[in-house]
Amino acid sequence: MSETRFALGTFSEEGQSPFPGIVVDGRVYDTRTTLPHAVTVSALLDDWDTSLERLQHLADRVAGDGRPVGEFHVSAPVQPPGQIFAAGANYREHIIQITVAHRIGTPGATEAELREQAARETDERAAHGDPYVWVGVPAAISGPYDEVILPAVGDNHDWELELGVIIGRRTRDVSVEQALDAVAGYTVCNDLTTRTLVGRNDIPMMGTDWMRAKNSPTFYPTGPYLTPAKFVPDPLDLEITLRLNGTIMQKGSTSDMLFGPAQLISYISSYTTLQPGDMVITGSPAGNGSHHGRFLRSGDVMEAEITGLGTQRTLCRSARTEG
287 MSETRFALGT FSEEGQSPFP GIVVDGRVYD TRTTLPHAVT VSALLDDWDT SLERLQHLAD
347 RVAGDGRPVG EFHVSAPVQP PGQIFAAGAN YREHIIQITV AHRIGTPGAT EAELREQAAR
407 ETDERAAHGD PYVWVGVPAA ISGPYDEVIL PAVGDNHDWE LELGVIIGRR TRDVSVEQAL
467 DAVAGYTVCN DLTTRTLVGR NDIPMMGTDW MRAKNSPTFY PTGPYLTPAK FVPDPLDLEI
527 TLRLNGTIMQ KGSTSDMLFG PAQLISYISS YTTLQPGDMV ITGSPAGNGS HHGRFLRSGD
587 VMEAEITGLG TQRTLCRSAR TEG
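With my numbering as the guide, the letters of the sequence shown map in order to residues 287 to 609.
Please keep in mind that the hints were generated in silico from the structure rather than gathered at the bench. Model, not experiment: these values are computed from the prediction. Backbone N, C-alpha and C define an ideal beta-carbon position, used for all residues, glycine too. Be a bit skeptical, because a hint or two may be false.
What follows is a list of derived Cβ distance ranges for each label pair [claimed, not checked]: (1) A413 x R291: 28 to 38 angstroms; (2) N442 x E589: 14 to 24 angstroms; (3) Q464 x G394: 43 to 53 angstroms.
Just need the whole structure built from these sequences, with the hints factored in.
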């Protein structure tokens, strides 16, 4: 008997507490019927091997008695959320586009020269360098259909659609070869950035300021679901697509990553401990607003999709017009 494919998420109805549920064929089943002690997805992740077996058993025996997912509010899948570890400059073509858009490189170089320089340096880093990783704050995570609030501080708010990797076991100093054993599943995450807040003109020697540029409330729309890793045969063979008001802005493949999920997990775990429920976001493909010369405005709608992981739909609203 083949296993029934399912995804895991956090759902709620008006006036009621959120609960963990699995989604099978568009219907939601409360996992507390099988694991009554685990009242959150985070609790399920704390003993993921046992939880996965029990959730699979639930998925295999459901017979249409769940409720349509459209009847619920869908939150970010992991509640309460864990830490966020974010890979920057991790897609080859994205790095090249950003280099050209911001004219990073030899002063006076042509666009072609900047592209060639960026490609050469990127290939060298992929072969001999390390990932670049920074830390985000869980409080900035929002749901897959929640509004994105564009903050009044800063300007040029940008999208960066990314594959999210959810950790399923405590992990420290893991090898690349064993790193994917730590993965519970995968999700969709849009890592938003306020471009004008990235640099610090007052202290330029400190470089980028990711805390203020990337951690505004709602700046990590995540979900809709956590898809267990066993249903994602190759995380480096997924298509990533972001549409802005119906127009495709990003369309790429996770195969363009310089450092895949296994390398990122191994690298991060060599410096700190990954815990169940933590999310590693893995960088964004080409096609950000910096490349297009078009940034987010109030009223914009983003639709973000990754192969087999579901689709987000988020409406942007400016904090300047609140109230």
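Here is what the structure says about each hint:
1. The hinted range of 28 to 38 angstroms is satisfied by A413 and R291, whose Cβ atoms lie roughly 37 angstroms apart.
2. Between N442 and E589 the C-beta distance comes to about 21 angstroms, which sits within the given range of 14 to 24 angstroms.
3. At about 47 angstroms, the CB distance of Q464 to G394 agrees with the hint of 43 to 53 angstroms.
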